[in-house]
Amino acid sequence: MNPFYRFSLLFGRICFFLFAKLEIEGKENIPPKGPLLVVCNHLSNADPPIVMMAFNRQLFSLAKKELFANIISRWFFSTVGAFPVNRDGNDRLALRWVIQGLSQDKAIIIFPEGNRSKSGAMIKASPGIGYLAIKSQAPILPVAITGSEKIKQIWRLPFPFCSLKVRIGTAFTIPYIEGRLNGPLIQDIADTIMIRIAYLLPPNYRGSYSP
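With the working numbering, letter number 93 in the sequence shown gets 93, and the count goes up by one each step, no holes.
Source of the hints: derived by calculation from the structure; they are not laboratory data.
Watch out, some of these pointers could steer you wrong.
Said to hold, decoys possible - Computed list of lysine to aspartate or glutamate pairs in DMTMM-like fashion (alpha-carbon distance at most 25 Å, straight line):
#	residue 1	residue 2
1	Lys33	Asp105
2	Lys124	Asp191
3	Lys106	Asp191
4	Lys165	Glu23
5	Lys152	Glu25
6	Lys124	Asp91
7	Lys165	Glu28
8	Lys124	Glu66
Just need the whole structure built from these sequences, with the hints factored in.
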């Protein structure tokens, strides 16, 4: 954990202690070391720092390439361990970055839906998470977040004034699959991962992954 990441984490925890009610459940399920693919539903731009505050190890992440548009934001996101991703298509460079990071025992957070849910309910995952799960064979840790949909503007992040909950499930792995992977199979695996997240959410947040 680099010093700037540690400082950002401390600053965030102070802000949320003063201006929000943040409940974290399941911290004991977080593996303290080794490769880890953290997967979470996506409600707000505030989701990555909120989830990071629940972890005592550094979380690396993918962030939309637009956030790297100027030198200041590029420095900030790179320093806290983010890598730019093109959300318009299959970004092979970003996929390779994740797999390489996992091979170096990093913990990387992914939001499989790709975009924030406007309704608060889960939307269909992109297949990329299925591919990463198979290729990396890293443990997958499902995380569910509720309440962050109330943080609509990024300037509100230090002053959220809302109740938030982060539920951390138990880690699991996807069995290795021999042979060539096809699109439907990869999507099925992505959906299986999303169902694990849905189990941790209240029914009204489950959306496309309701029973």
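Against the structure, the hints:
1. Under the criterion of a C-alpha separation no larger than 25 Å, the hint pairing Lys33 with Asp105 is consistent with the structure, at around 7 Å.
2. Between the alpha carbons of Lys124 and Asp191 the distance comes to roughly 8 Å, so the proposed pair stays at or under 25 Å and holds.
3. Taken as a hint, the Lys106 and Asp191 pair is honoured in the structure, with Cα atoms around 24 Å apart against an allowance of 25 Å.
4. A C-alpha spacing of about 5 Å is found between Lys165 and Glu23, which places the hinted pair at or below 25 Å, so the restraint holds.
5. Between the alpha carbons of Lys152 and Glu25 the distance comes to roughly 24 Å, so the proposed pair stays at or under 25 Å and holds.
6. A C-alpha spacing of about 18 Å is found between Lys124 and Asp91, which places the hinted pair at or below 25 Å, so the restraint holds.
7. Taken as a hint, the Lys165 and Glu28 pair is honoured in the structure, with Cα atoms around 16 Å apart against an allowance of 25 Å.
8. Only pairs whose Cα atoms come within 25 Å are accepted, and Lys124 paired with Glu66 is accepted, the gap being roughly 22 Å.
Every hint from the earlier list agrees with this structure, and none is contradicted.
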